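Read off the chains here:
Protein chains: 4
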Amino acid sequence: MLEELKLSVYEANMELPRRGLITYTWGNVSGIDREKGLFVIKPSGVDYDKLKPEDMVVMDLDGNQVEGELNPSSDTATHLELYRAFDKIGGIVHTHSPMATSWAQAGRALPCYGTTHADYFYGEIPCARNLTQEEIDEGYEKNTGTVIIETFQGLDPMHVPAVLCKNHGPFTWGTDAANAVHNAVVLEEIAKMNLMTELLNPAVKPAPQSMQDKHFMRKHGPDAYYGQKK
Amino acid sequence: MLEELKLSVYEANMELPRRGLITYTWGNVSGIDREKGLFVIKPSGVDYDKLKPEDMVVMDLDGNQVEGELNPSSDTATHLELYRAFDKIGGIVHTHSPMATSWAQAGRALPCYGTTHADYFYGEIPCARNLTQEEIDEGYEKNTGTVIIETFQGLDPMHVPAVLCKNHGPFTWGTDAANAVHNAVVLEEIAKMNLMTELLNPAVKPAPQSMQDKHFMRKHGPDAYYGQKK
Amino acid sequence: MLEELKLSVYEANMELPRRGLITYTWGNVSGIDREKGLFVIKPSGVDYDKLKPEDMVVMDLDGNQVEGELNPSSDTATHLELYRAFDKIGGIVHTHSPMATSWAQAGRALPCYGTTHADYFYGEIPCARNLTQEEIDEGYEKNTGTVIIETFQGLDPMHVPAVLCKNHGPFTWGTDAANAVHNAVVLEEIAKMNLMTELLNPAVKPAPQSMQDKHFMRKHGPDAYYGQKK
Amino acid sequence: MLEELKLSVYEANMELPRRGLITYTWGNVSGIDREKGLFVIKPSGVDYDKLKPEDMVVMDLDGNQVEGELNPSSDTATHLELYRAFDKIGGIVHTHSPMATSWAQAGRALPCYGTTHADYFYGEIPCARNLTQEEIDEGYEKNTGTVIIETFQGLDPMHVPAVLCKNHGPFTWGTDAANAVHNAVVLEEIAKMNLMTELLNPAVKPAPQSMQDKHFMRKHGPDAYYGQKK
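Residue numbers (full-length UniProt numbering), protein chains in the order written: chain Y, 1 to 230; chain V, 1 to 230; chain F, 1 to 230; chain Z, 1 to 230.
Please note: incorrect hints may appear among the correct ones.
[Stated by the list, open to error] Below 25 Å or equal to it, Euclidean Cα-Cα: the simulated BS3-like pairs (lysine-lysine) are:
#: 1; chain 1: F; residue 1: K214; chain 2: Z; residue 2: K142
#: 2; chain 1: Y; residue 1: K219; chain 2: F; residue 2: K214
#: 3; chain 1: F; residue 1: K36; chain 2: F; residue 2: K142
#: 4; chain 1: Z; residue 1: K88; chain 2: F; residue 2: K219
Read the hints as simulated data drawn from the structure, not as lab findings.
Just so it is clear, the structure is predicted and the values come from calculations on it, not from any experiment.
Let the sequences and hints guide you as you build the complete structure.
Right, here's the structure in full:
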């Protein structure tokens, strides 16, 4: 069942260590089949070098495990909340990639300091608040998703396909699992560059809005002209 | 004698250069057989690419070399003290891994700024004080252990399986040699992230206690649910 | 047509990921045949591991695509402006290499702090200003070139073969495509070292002019004596 | 002539890119045969991947090229001065390794913040002053050596086998070419760690003298006990 999706989610998971975003098992990728209402996610705590496509776990949008013998990622409830609330996203990634996690630990949104950021993210990448004790006790992973959704009130998740969870780390998403991983790689790169930028100029301001508009739109707007015609 | 333990200690040593924690011969791993009261440790100053399982040295808990033609690690007396004082640990690692060593050189305990830390270490990782001139003269390596033990008064070494020795570098431990290396890798990663975190937010505070409890307990508590059932 | 130039521009493009200057497709290299008045440039948004020499696009100096089925790099109009204004340059590179881009995001010229810099760049590497809204609307990529040219009034582009575009990233150039890539590698290295230098000494001053003269001239002056006779 | 020395100097040169100390041709290693009064050095500006043992150039201690068809390193006169003044050194290395060069650019001596440093260098690693205009004009490379020698008045070059040349980069030396490269690797590692240390604790003080004595002496003193008996 969903063999093609499992394979693409497996491949997207394997891209994380190749891109240097992962230490040990600290991350997970999922992808969704919107028509069937099912998503596929990495099993919990399995080493990347032992992972196989058939290990992927199939979940429905009520949180039931539909297929797979292994436990799904411990963050599955977060993925579920995001798929339910953000209806255009097709894949989700969570990592503890070091530079993005450092911003999350610092409790800071990632400002847009340049075109590398604006080519992918339209405006700053927000930092979601800590969960309350009650939210942790009631359902830590589910409420991690709830707080992300709260953070995106008034924001288009397809315009800003990433969030930093305070004292935790980043989640990214995208049109599918591979695209969500792509955004995780970009996030890590700009998180690194933006720290260096602030060290070089503590008074630095975000890039001019005109420049942010131009770069986001030339790649993602209705008249996008970056890349090849499809 | 102890062929299986020698092989696992050899493998754990070889993991150090693979994980980028080691320059030249700056590190050593040991593992203990608690029933026999013997531990196995890397020989001193041997290049990792020439190291063989049979080079591992066997020591008893009185500090006698029981087997092996090479000198044991110059830090053997430190390992011995820790095995005697911390009766649940099964393996010990010492490295000069650059980020953890930088915290040790700065003389600072490593605060818990996020879940990456809390998944492995319950609370801050302490920095042990310098040895006095007398302690150095009397037995430098033995007293390095003594000062670590002093530092852990009131702390459970299995809850905080690492220490930073001031102006020196880290020791980590774990259930066995491989697990101690795992903790050394995690320590290096959080030491890097926590420096970046402070550069991004000099006024940063530790992660909320509720979050530290949640993450440590979901992996190590009686109701742990991370990973696969064993 | 221009098979040799296409091959050398292809090779120069492929050197970018090998040297760690590129994430995904974030960069482009071109090279020019001054006699024919044609330049060859990477196509837009094509993965480096799928790129082939025959994919290179041939442009004339009026901005017409003379050969090639793929769209040229979205930055082609910038390359065009530079080839027209700087008549001694034979190759151009644009990247988002992280350290140089951090200086660009900080809006700062790169000072000459040492001989590594002075061996390649004579004096500081300037940071070009932001484009105005009007310049963006009128022709973003063309005017990126115009602003670089404005920045080099009074400067010899062969003495300072690089620029940082504010909130964007670096362009470098050179005698040909390979030499322009060489300069991009050097720029990234000195951008890294100069940040570290400032962290170590916030009051640091540029290297003495006498030293800058000596190093630039022993490699590039009329009596250069570095390397082998040619 | 001197085939064995040429081979060892060649091997030592090739170790520089393997250890990540070198970009392009920015470095050189030499080794001396004290009995014959001849030293062997890398040719100038030759790519490491084209270098062959037979390319090594043989020089005498009056600065005459005794063998080899290629020009010797442009820094040969510096090596010559050091071999003449420091009669126990058997090999010399110059690099622009990024972290050590950053300290040199900052014009700062490298303090001893820990045992990694004290295991190899006894006390701080000095930063040699800039050359005067006259010294540059009279003989830049020779006087680079003269100023290093001036810097070591009262210091034993075998106790501190490294120097930082202001606004330039490091030289290291050792018992032979391989040992000099070993010291260059260590220097780069402690240069990195010491910057991080200062970022973590701007008020950090050098390691206690008792600890520096202990670590230098257990490896290099008359009663050294690190490593295996020889």
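Hint check results:
1. K214(F) <-> K142(Z): Holds - the C-alpha atoms of K142(Z) and K214(F) are around 14 Å apart, at most 25 Å.
2. K219(Y) <-> K214(F): violated (46 Å)
3. K36(F) <-> K142(F): holds (22 Å)
4. K88(Z) <-> K219(F): violated (33 Å)
Checked against the numbered hints above, the structure violates hints 2, 4; every other hint is satisfied.
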